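> Sequence:
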Amino acid sequence: MFTAFLPDKEVQIVGVEAGGVHGPWLPDGSRTDKHAATLTDGVVGVLHGSRTYLLQTPDGQIKETHSISAGLDYPGVGPQHASLKATGRVDYKFATDSQALDAMRVVSRKEGIVPALESPPRRRRSDRSRVQSSDDLLFFRSQRFPSGVRPLGPRCRAPVPRKTEPYTPGDA
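First residue of the sequence shown? That's 1 in UniProt numbering, and the numbers climb one at a time after it.
Some hints here could point you the wrong way.
Said to hold, decoys possible - In silico BS3-like cross-links for lysine-lysine, where the CA-CA straight-line distance does not exceed 27 Å:
hint: 1; residue 1: Lys63; residue 2: Lys85
hint: 2; residue 1: Lys34; residue 2: Lys110
hint: 3; residue 1: Lys34; residue 2: Lys63
hint: 4; residue 1: Lys34; residue 2: Lys85
hint: 5; residue 1: Lys93; residue 2: Lys63
hint: 6; residue 1: Lys85; residue 2: Lys9
hint: 7; residue 1: Lys9; residue 2: Lys63
hint: 8; residue 1: Lys93; residue 2: Lys110
To be verified - Quick list of the computed label-pair ranges, beta carbon to beta carbon:
hint: 9; residue 1: Phe2; residue 2: Glu111; range: 16 to 24 Å
hint: 10; residue 1: Ala86; residue 2: Thr57; range: 20 to 28 Å
hint: 11; residue 1: Gly71; residue 2: Leu26; range: 20 to 28 Å
hint: 12; residue 1: Asp91; residue 2: Val43; range: 16 to 24 Å
hint: 13; residue 1: Gly49; residue 2: Gly71; range: 28 to 36 Å
hint: 14; residue 1: Arg105; residue 2: His48; range: 12 to 20 Å
hint: 15; residue 1: Ala86; residue 2: Val11; range: 13 to 21 Å
hint: 16; residue 1: Ser83; residue 2: Arg105; range: 31 to 39 Å
hint: 17; residue 1: Gln61; residue 2: Pro7; range: 33 to 41 Å
hint: 18; residue 1: Ser83; residue 2: Gln61; range: 20 to 28 Å
hint: 19; residue 1: Gly49; residue 2: Ala70; range: 34 to 42 Å
hint: 20; residue 1: Arg51; residue 2: Arg109; range: 26 to 34 Å
In short, the hints are calculated from the structure, not lab data. Just so we're clear, the structure is a prediction, and the values are computed from it rather than from any experiment. Backbone N, C-alpha and C define an ideal beta-carbon position, used for all residues, glycine too.
Turn these sequences into a full structure, and let the hints guide you.
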């Protein structure tokens, strides 16, 4: 997603990662491990033979992570994001689980799609940032088949279809 914009230094790029329940810090300022904000709170280490940013203990043990989205629940990042953070080309922020659910509701109601939980945090962070009206914003968005959202129904406070047709690869 970022690659096409990297050479243009006029483009400000912001990445948003899974902040879990509260992000790396609780409301009282104390630290918590119930997140997957590797680029916000991680340190350089080695995992699976790759040197990258990780969520790990001071003695190098990998920490358990948390995210409402299973796709973002991982203690490390790939080489491109590690490099972009190290060089400062991308500014990384986090969005909490509740912010992701709130953004999911907004996207579902305003845009008529049920987004995958990996996408709404980006929308949530942009809503909170100070963006001038002349700025252009681009969001990477992915859509989720409704049956994948059913377990979230009570947490989303949004209508979720009760009955769906089986998903067949290639259906859009």
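> It remains to establish, for every hint, whether it holds in the given structure.
Hint-by-hint comparison with the structure:
no. : hint                          : verdict
1   : Lys63 with Lys85              : holds (20 Å)
2   : Lys34 with Lys110             : violated (30 Å)
3   : Lys34 with Lys63              : holds (10 Å)
4   : Lys34 with Lys85              : holds (22 Å)
5   : Lys93 with Lys63              : holds (20 Å)
6   : Lys85 with Lys9               : holds (15 Å)
7   : Lys9 with Lys63               : violated (35 Å)
8   : Lys93 with Lys110             : holds (24 Å)
9   : Phe2 with Glu111: 16 to 24 Å  : holds (22 Å)
10  : Ala86 with Thr57: 20 to 28 Å  : holds (22 Å)
11  : Gly71 with Leu26: 20 to 28 Å  : holds (25 Å)
12  : Asp91 with Val43: 16 to 24 Å  : holds (18 Å)
13  : Gly49 with Gly71: 28 to 36 Å  : violated (22 Å)
14  : Arg105 with His48: 12 to 20 Å : violated (36 Å)
15  : Ala86 with Val11: 13 to 21 Å  : holds (19 Å)
16  : Ser83 with Arg105: 31 to 39 Å : holds (34 Å)
17  : Gln61 with Pro7: 33 to 41 Å   : holds (39 Å)
18  : Ser83 with Gln61: 20 to 28 Å  : holds (25 Å)
19  : Gly49 with Ala70: 34 to 42 Å  : violated (24 Å)
20  : Arg51 with Arg109: 26 to 34 Å : violated (43 Å)
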